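Novice: Here are the chains, one letter per residue:
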Amino acid sequence: MSSETTARTDMIAERLHVAGLHAPGDAPADAVLSVRDLNVRFNSENGVVHAVRGVDFDLLPGKTLGIVGESGSGKSVTSLAIMGLLPATAEVTGSVRLNGTELLGLSDKAMCRYRGNDIAMVFQDPLSSLTPVYTVGHQIIEALTVHHPKMSKQAKEARAVELLGMVGIPSPKDRLKAFPHEFSGGMRQRVMIAIAIANNPRVLIADEPTTALDVTIQAQVLEVLHTAQEETGAAVVMITHDLGVVAGMADDIMVMYAGKPVETGSVDDIYYSPRMPYTMGLLGAVPRVDVAEKSSLVPIEGIPPNLIHTPTGCSFAPRCPLVSDACLQGEPELWPVSGPLATGNGVAGSGAHKAACIKTDSLGAEVDVHEIFQAPAVPISRFDAVPRLERRTVLELRDVRKHFPLLKGSLIKRRIGTVKAVDGLSFDIREGECFSIVGESGCGKTTTLLEIMEFHKDQDGEVTIGGLSNKADSDARTKAAMRKELQMVFQDPTGALDPRFTVFEVLSEPLENAGMAKPAIRKRIMELMELVGLQPDHVNRFPNQFSGGQRQRIGIARALAVNPKLVVLDEPVSALDVSVQAGVINLLDKLRAELGLSYLMVAHDLSVVRHISNRVAVMYLGKIVEIGDVDSVFDNPRHPYTRALLSAIPVPDPQLERTRERIILQGDLPSPLDAPKGCNFATRCPVFAALPAAKQEKCRTLEPPLETAAAPQAVRESGQDADQQFACFFPDGELDADMLVVHENP
Amino acid sequence: MTNLNAIDPAAVAEEARIENDDVVIAKSAIILRRFLRNKTAVAGLVIFIALTVFSFVGGFFSPWDKETIDPFNIGMPPSAEHLLGTSQAGIDLYALMVEGTRISILIGLVVGLVSVLIAAVYGCTMAYFGGKVDKVMLFVLEALIMMPALLVVAVATSGGGNGLRENLPSWLLLIIVLLVFSWMGTARLIRSLSMSLMQRDFVKAAQYMGIPARRIVWRHLVPNIGSLLVLDVTRGVTGAILAEVAFSFIGIGIKVPDVSLGVLINQATSQVQTFPWMFWVPLVVMFLLTGSLAMMNDGLRDAFDPSSSSVGSAKKTAGKKGK
Amino acid sequence: MFRYLAKRAATYLLMIFLTTSAGYFLAVSTLQPALLEQERIPRPTPEQVANSFRLKGLDPTLSPWERYVDWLTAVVTRWDWGRSPNGAFINAEFGDRVWISTRLFLASIVLTLIIGVALGVYTAARQYKFQDRVITSYSYLVYIVPAPIAYFLVQLGAININESIGERIFFVTGISTPGLEGNGWVQFVDMVAHYAVPTLAITLVGWGTYQIAQRQYLLDNVNADFVRTARAKGLTRNQAITRHALRVSFIPVAQSIAFTIPAIFAGGFFAEKIFAWPGVGSWSIDAIALQDVNAATATLAYGSLIFAIGAILADFATTLVDPRVRVQ
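Residue numbers (numbering that gives the first Met the number 0), protein chains in the order written: chain A, 0 to 745; chain B, 0 to 322; chain C, 0 to 327.
One or more hints might be untrue.
Said to hold, decoys possible - Just the calculated beta-carbon pair ranges, DEER-fashion: (1) C:Leu304 <-> A:Ala154: 50 to 56 Å; (2) A:Thr92 <-> B:Lys134: 55 to 61 Å; (3) B:Gln87 <-> C:Gln47: 34 to 40 Å; (4) B:Lys134 <-> A:Arg659: 52 to 58 Å; (5) B:Ala42 <-> C:Phe129: 21 to 27 Å; (6) C:Leu218 <-> A:Glu101: 31 to 37 Å; (7) C:Thr172 <-> B:Ile68: 29 to 35 Å; (8) B:Val52 <-> C:Thr172: 39 to 45 Å; (9) A:Pro148 <-> B:Lys134: 27 to 33 Å; (10) B:Ile68 <-> C:Gly173: 44 to 50 Å; (11) C:Gly94 <-> B:Val52: 52 to 58 Å.
Said to hold, decoys possible - In silico DSS-like pairs for lysine-lysine, Cα to Cα no more than 25 Å straight-line: (12) A:Lys478 <-> B:Lys38; (13) B:Lys131 <-> C:Lys6; (14) A:Lys401 <-> B:Lys131; (15) A:Lys149 <-> A:Lys108; (16) B:Lys203 <-> A:Lys470; (17) A:Lys108 <-> C:Lys128; (18) B:Lys203 <-> B:Lys65; (19) B:Lys38 <-> A:Lys564; (20) B:Lys38 <-> C:Lys128; (21) B:Lys203 <-> A:Lys456; (22) C:Lys6 <-> B:Lys134; (23) C:Lys272 <-> B:Lys254; (24) A:Lys419 <-> B:Lys203; (25) A:Lys589 <-> A:Lys522; (26) A:Lys478 <-> A:Lys401; (27) A:Lys172 <-> A:Lys152; (28) B:Lys203 <-> A:Lys401; (29) A:Lys483 <-> B:Lys203; (30) A:Lys456 <-> B:Lys131; (31) A:Lys172 <-> A:Lys155.
Because the hints were derived from the structure by calculation, they are not lab data. Predicted model only: the values in this text are computed from it and were never measured. For glycine and all other residues, C-beta sits at the position ideal for the given N, C-alpha and C.
Generate the whole structure from the sequences, applying the supplied hints.
Specialist: Take a look at the structure:
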């Protein structure tokens, strides 16, 4: 079939589609799930919200469809509509066919025959998705009982044990009787997956299954999902905002924006030859963990449209750099992309590359996204040229410790041990540099920040900020002087702003406290608003009138108000959508260069860390296991934990993802109760697992010190030590084969 | 399920309006408008104010007062001469009602306001200092909760002759005892609320900016628990009025010669069948009082609730009034 | 768990001791039985009064502290809570009355909880429907009526029913017909006729709070993530709610039991007074009116004890329904 006839058949289908009709035999006969013209409307106080507008896709057996979009794009609503789990007030129209059976319009009771049996779902938040008062076993068995009432009790129990084993829960038999609160988040998500696959469903919908989890746990859970798919042969709908997560898993991708699919196609089409400016922007907005070269991220300005009003033009037009008058004349439909890569026909899921943009043909792989979106130039700081050791030290930590008593019982508390949240931390930050601390939750990175911010005299260890030591004297005056040097930006931009303050009041608070005069405060606030890219006349608004990204900018402006030398950034972008995140990262980059700031950043997203930092420290159980120049550490990680962490991060590059070797760590962070005596990481270490017993003994009994890595040839010749230290006895040891996973190219 | 990027639709709608006339309405103004748009709440407010005004100036509209006995009309139903009839002792019921309502409202307002004040100070102190102070104060609080208030009221107001009872009118004594036993619930609530507020990032941000503790409490904590305080005042007033009636009804609260709604109702119980108006008139007034307060409470709760359904149309009113 | 309960019990014991002591001092300094004696005819001389009180351990010439020490010694060493001004022993007076009060409250507590929780579930399932509005409005209405007045109105209603039928079906005062003779059945009917009205009155006033609370907690949980998970398994919405949301919504209700027991206890005081039941409540209020220091203190201790029992029961109930707080 030539591309011309393809286009024509598509046009006919499209017209029928617009008329609300389906071409006969529209869906491929072998599709397990086929969705046509799905629309969801909610009534709200302000009018009807049209949350999903005309979603079409086909899902073939064993295939994976990735639905990508930012919050509010309608991706989760789509999945709930398919499952029939939307509240009764939602109006759902269109068609959802499972193996040819229409699901829409079925009563709740009739729908129950399919839910959990033929079509199952895994939800985002594992912490709240399991009923707290029932055992895990009870909840798995319930899923079996619903659809197999005649199954014997023993058979059900045996199946539950088998399922728990399949999703990688150790000693599954005993764990059946455990309650959800006795499991970690990653473990609970495994239980969720076990429940979902209990009845061998044909379709498995995973709605952001790993968003709430740490990177290493995310890698584990994705691996479990992969196994589950192999075991059951189910087709998977993977819903996510993270382009990296689906790159390695999905066969087809559907990008959603403002409730509508705006681009569909095979995974390679979407990642290598995006045709819709929104997709291009999204891809350009994600920093890459595997690329050293520094370039600015692509920011997408503006916010997604309000779905109460029917768009009269392209819904992305207000944020699109390529917008022209024609874009505002009617909303573009999904048109097939004619090009060398165009294949197949039909709707999403059949591999056809389609994009909802009238300029599709002029876009493609060869267009530079940075140019289109006018990404700012990479800012250069005046400090970049000065060698690190010649710059002034703005912050120095020497052997800082923070131990908490570990209490047990929620009614009676008794001390059963000590949590070494921070255990002997030393590092320094020089002028103009960004130093990041990375690690999983519970590694002590946030505690470190708090210890620095508290600046207490009786702290265990010394903190020196801009030459002021907490040990010397920490009277009110020293503290005030220290507060001028050091300010903080918080993770949750909403929580960090008093909802009852206007932006003006938020920004004037630190200035008033510094004793600035009223007119000067006004002037400074206007300056600050300009500096962080907000409109100065918005100062009278309340925080809830801003979007998340704008709120974070207000937070940054507040931190900069008193001209600090060092800004502490606690996960500054993790609460933001991808497209907004890029703008904030670019802003932070720019401010560091222009104002000569230093940053101390804590983040779990290593891609962001790589993009923005100069130096990085990897923490595990309260200790630094590897520290150094960001490129050295990321390109040549020596500590097995750093290696595992880096390999766990999904990269938005399908081909690379498919062939990448991945280290999947086993288990969670060990409980502080049975913290290892020697190397903290030994219990999960892939190198340790492969070592002979004699060498294992060393790891188990001795604590490895931080040692400077041997510098590469080039650096050694320049007469300097490499800026990289790590704490491991066997950095180049073989990795245990069980923890290495490589997926063959399908 | 927290979605930080989702924008409050109400805020978006408001944004459009602000874009046009560039005016920012303070939060309290918005709340006031929402409250005023709630018909039930306004009705409650009107009834309550009317009763309060009545209890202060009502006496001027009647030639009788609460002490004068009309020997020709003893236990008479309402008539032209005695608007609400007379009591068994021949005292004008209207005059008694004015006096009784005033005492009841007085007890309600004083106890409601002062107990919330005590609760706020006590609760904030516990939350602010934490540790040992918190533990000891919590112990005292729980011990007070444990004490049956009813018995203490009975003991305090039944005292034979000397001491407190001689120097204080019984309504003042009742106010004191009710105050001692009415603030604990609110204090506990304020404590836990303040504790969670102290953990919020904006309070931490203020601490890290070096803002003094006193200012943080005043500028960040108090306004953020303000809505709770206002709600608890209305609830406290209702509670105190109810308690007065309940105690006086079984003869342990206000004692004759002092008059209150509870006393009036109590006096009429023995002859409900023969003198029904003596029972029903004060009872209806009490219902009007507590009912109007409940209506106000409901309206206030709605106005404070950010997810309240009245958001949408609040804009219109706000728009008209903005300059 | 046992150690925990023991620790809690010890704390409450300390609290009971403190509240009771405080109560004793308050009572001793306010209540003046000697003044009432003066009203007797023939009027006793002050010496006679003092002598008579000294014999009963109520010597008005001693300082409050001395009297407190004596009283405490008697309670701790002999479990003797003292005597009334008229010479009666508190211990003896208390025994029967506690039993009478408990009988009255027990049925009401059980009924209040069952009806309140059941109606809460019922109205939550029919949110904003007619039944929900009627029942919930009723619960809010109860909130603005003082308990004794509500009891009184119920009593009036019962009297009206008796009058309109022309026969005494319900007894609105007392606990049994004095001198009634007959077999078990007659006794039983008599008991029911006496119990019906007070129990009904306490229950009618009591369940409102539980209905509102249970309704709210259940509605909070109806859209919880775990209910969605249960539905995704293949349970219908109603099954998911009854099996999952309901169970979780019991947790806060179980915790609030602590506050039912003292509330019903206080309600019981009013009820005993209005329905003329010779229980602890009406006895102690009458005793206080007669300036009886020891009766007032003993009742205060009894009230505190009831509260402590309620609080410990609440802990216990919470552990029962919420595995998260179970202590291994």
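Novice: Evaluate each hint against the coordinates.
Specialist: Structure-based check of all given hints:
1. C:Leu304 <-> A:Ala154: 50 to 56 Å: The hinted range 50 to 56 Å holds for leucine 304 of chain C and alanine 154 of chain A, with Cβ atoms some 53 Å apart.
2. A:Thr92 <-> B:Lys134: 55 to 61 Å: holds (60 Å)
3. B:Gln87 <-> C:Gln47: 34 to 40 Å: holds (38 Å)
4. B:Lys134 <-> A:Arg659: 52 to 58 Å: holds (55 Å)
5. B:Ala42 <-> C:Phe129: 21 to 27 Å: holds (23 Å)
6. C:Leu218 <-> A:Glu101: 31 to 37 Å: holds (33 Å)
7. C:Thr172 <-> B:Ile68: 29 to 35 Å: holds (33 Å)
8. B:Val52 <-> C:Thr172: 39 to 45 Å: At roughly 41 Å between Cβ atoms, threonine 172 of chain C and valine 52 of chain B fall inside 39 to 45 Å, so the hint holds.
9. A:Pro148 <-> B:Lys134: 27 to 33 Å: violated (54 Å)
10. B:Ile68 <-> C:Gly173: 44 to 50 Å: Since isoleucine 68 of chain B and glycine 173 of chain C have Cβ atoms about 37 Å apart, the given range 44 to 50 Å is violated.
11. C:Gly94 <-> B:Val52: 52 to 58 Å: 54 Å Cβ-Cβ, so the 52 to 58 Å window holds.
12. A:Lys478 <-> B:Lys38: Outside the cut-off at roughly 53 Å; violated.
13. B:Lys131 <-> C:Lys6: With a Cα-Cα distance of about 18 Å, the restraint between lysine 131 of chain B and lysine 6 of chain C holds, given a limit of 25 Å.
14. A:Lys401 <-> B:Lys131: Distance ~22 Å between lysine 401 of chain A and lysine 131 of chain B Cα, so the pair holds.
15. A:Lys149 <-> A:Lys108: holds (19 Å)
16. B:Lys203 <-> A:Lys470: holds (23 Å)
17. A:Lys108 <-> C:Lys128: Given pair lysine 108 of chain A, lysine 128 of chain C holds - Cα atoms ~22 Å apart, limit 25 Å.
18. B:Lys203 <-> B:Lys65: Roughly 59 Å separates the two Cα atoms, so the pair is violated.
19. B:Lys38 <-> A:Lys564: Since the Cα atoms of lysine 38 of chain B and lysine 564 of chain A sit roughly 55 Å apart, the hinted pair is violated (cutoff 25 Å).
20. B:Lys38 <-> C:Lys128: holds (22 Å)
21. B:Lys203 <-> A:Lys456: holds (19 Å)
22. C:Lys6 <-> B:Lys134: holds (15 Å)
23. C:Lys272 <-> B:Lys254: Cα-Cα ~17 Å, so holds.
24. A:Lys419 <-> B:Lys203: Holds: lysine 419 of chain A and lysine 203 of chain B sit about 23 Å apart, inside 25 Å.
25. A:Lys589 <-> A:Lys522: holds (22 Å)
26. A:Lys478 <-> A:Lys401: holds (20 Å)
27. A:Lys172 <-> A:Lys152: At roughly 14 Å apart (the allowed maximum being 25 Å), lysine 152 of chain A and lysine 172 of chain A satisfy the hint.
28. B:Lys203 <-> A:Lys401: Holds, because 19 Å separates the two Cα atoms, which is no more than 25 Å.
29. A:Lys483 <-> B:Lys203: holds (16 Å)
30. A:Lys456 <-> B:Lys131: Since the Cα atoms of lysine 456 of chain A and lysine 131 of chain B sit roughly 22 Å apart, the hinted pair holds (cutoff 25 Å).
31. A:Lys172 <-> A:Lys155: holds (12 Å)
Going through the hint list in order, the structure does not satisfy hints 9, 10, 12, 18, 19.
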